[in-house]
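Chain residues, written in single-letter form:
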Amino acid sequence: MSLSAARDARVIEDEPVHHPEKSGGVPLVLRGVTRRFGEKRVLDNLDLHIRAGQFVAVVGKSGCGKSTLLRLLVGLDKPSSGFIDVGTGEGGNPARIMFQEPRLLPWQRVLANVEVGLPPEVKGARRHAIARAILAEVGLEDRAGEWPSVLSGGQKQRVALARALASRPRFLALDEPLGALDALTRIEMQGLLERVWLEQKFTAVLVTHDVSEALALADRVILIDAGHVALDLNVPFPRPRRRGSAEVAHLEGQILDRLFGTEREAPANAHQRLPAH
Amino acid sequence: MSQRNVRFNGGAVLRAGSQWAVPILLIVLWELLSRAGLIAGNVLPAPSAVAFAGWRSLQSGELLHHMWVSTLRALSGLVVGGLIGFFFGIANGLSELSRRYTDTTLQMIRNVPHLALIPLVILWFGIDEEAKLFLVALGVFFPIYINTLHGVRTVDPQLIEMGRVYGMSPWTLFVKVVLPGALPSIFVGLRFSLGIMWLTLIVAETISAEAGLGYMAMQAREFLLVDIVVLAILIYALLGKLADVIARLLEQAALQWHPAFQRMTGDPK
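One line per chain: the protein sequences are A and B, in this order. Quick note on the numbering used here: the first sequence kicks off at 1 and runs consecutively. Quick note on the numbering used here: the second sequence kicks off at 1 and runs consecutively.
Honestly, I wouldn't trust all of these hints.
Claimed, not checked - Part of the chain A face toward chain B, derived, beta carbon under 7 Å: (1) 97; (2) 116; (3) 144; (4) 147; (5) 149.
Claimed, not checked - Some chain B residues well away from chain A (every beta-carbon gap over 10 Å; in silico): (6) 12; (7) 29; (8) 100; (9) 120; (10) 125; (11) 127; (12) 222.
Calculated directly from the structure, the hints in this document are not laboratory data. From the three backbone atoms N, C-alpha and C, an ideal C-beta is built for every residue, glycine too.
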């Protein structure tokens with residue numbers, strides 16, 4: 001834990017967060033991963049390689065197995081067969097997950113909730129200081145002493161993000177963390193997520209229903225259908241991304257077409273738009 | 001802000017006072033009816049007569065002695081029975097194995113009215129302290145057991161999952177997630193068991209004792225001292241209320257985080 005301790009110590013000094021490594025992330029490798037629930041194969045012989053520090057969005061219809069994939073990646077579930085390697089890196093910093101619900105402990109104040117994300121070795125005043133610094137990163141340092149019940153939905157989710165980031169994870173799994181927020185708060189949170197990811201360069205896997213959210217945040221969008229990777233697209237647009245640009249709309253159309261099959265009217269539109277590029 | 005606080009506190013005091021309006025009114029009415037001769041003194045003595053009897057008893061030290069004996073019995077029974085109930089509630093809430101082997105047995109015992117065991121208890125323990133301790137402990141055991149069990153089993157599974165993913169050890173998970181999550185329910189159990197505690201103790205003391213409030217009342221009955229009998233009953237009512245107030249204060253202190261208690265405790269900062 002010495003590496004993480006060194007990193008933590010820097011946080012206290014309140015320097016901007018940067019890491020000695022080129023990339024703060026770890027690579028993720030899945031080989032022939034199958035997950036069965038009874039007779040149903042939720043994930044079927046899945047092969048996937050995610051580069052260290054990449055931001056990947058996983059989209060798909062409900063029940064397509066995307067949440068199962070995430071649970072496998074963070075170790076909440078075990079594959080029925082196949083091989084998963086989430087590189088732990090030298091620091092051994094754990095993978096962290098952000099759920100759709102904030103899942104804050106209502107009987108702990110905001111600061112203590114952030115401290116839940118810290119390893120037990122970090123103690124006393126240092127523990128508070130680190131948690132406070134991370135709370136400041138998500139813009140909530142002035143709410144440290146509040147109970148979670150008085151926060152708004154977006155604020156709670158920001159505390160949950162601070163808790164997930166507290167241990168400087170090298171892999172952050174995001175299970176539709178913005179799904180329950182209103183549209184404006186969601187855009188704000190997307191900006192925050194992008195900012196901390198750019199700062200810390202952890203590997204991020206975001207499961208979402210929202211294709212435009214996937215395109216706003218991710219380097220790469222993976223569409224899962226019936227347990228297979230149905231589409232694997234790079235999103236080469238520079239950051240910060242402008243919402244509603246033609247290229248984004250084109251990619252969004254492509255993904256939605258694949259999601260809903262070819263009977264939709266959209267393919268015609270997409271083809272019409274193609275020559276323009 | 002400060003002005004609002006002052007007004008709020010004034011309202012709170014008034015509200016706390018208003019709780020006592022009806023009991024006080026009843027006592028005044030009772031006194032008036034007694035003075036008017038509508039209630040015979042040997043059936044129900046006037047409140048002033050009861051108060052006078054209480055004062056005398058207090059001066060002789062007798063009343064305090066009996067109250068002390070009763071309170072000690074009640075609390076030791078509560079501690080013994082409550083701790084056993086708490087322990088089983090936690091164990092059966094956490095462990096499927098423990099629940100499978102003990103819950104049925106406990107539920108069967110629960111359905112026997114514990115006061116029905118008095119003859120058996122007298123045969124086992126005589127009329128000594130053990131008998132009362134046993135009965136009170138048995139009585140308070142079940143509300144605490146059932147509510148602790150319920151509390152532990154209804155802790156939000158999402159929070160438990162979160163704790164696991166965030167690497168909490170089983171002990172940390174218990175102390176930081178399970179126990180605080182079960183606490184509101186445990187307090188409900190505690191308040192139920194306080195009522196049962198007094199009930200059991202009074203019945204036990206009335207039947208067989210050498211000291212205590214129930215004994216005092218039974219002695220007074222033998223000598224037709226109606227005022228002392230009524231005094232004992234009133235003291236029961238006050239002690240019951242006192243126990244409930246203490247439980248409420250504990251609850252408010254322990255459940256500050258709970259939205260239902262935040263208004264009463266004011267600003268959480």
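Hint-by-hint comparison with the structure:
| no. | hint | in the structure |
| --- | --- | --- |
| 1 | 97 | 6 Å, holds |
| 2 | 116 | 6 Å, holds |
| 3 | 144 | 10 Å, violated |
| 4 | 147 | 5 Å, holds |
| 5 | 149 | 5 Å, holds |
| 6 | 12 | 21 Å, holds |
| 7 | 29 | 45 Å, holds |
| 8 | 100 | 26 Å, holds |
| 9 | 120 | 43 Å, holds |
| 10 | 125 | 41 Å, holds |
| 11 | 127 | 45 Å, holds |
| 12 | 222 | 53 Å, holds |
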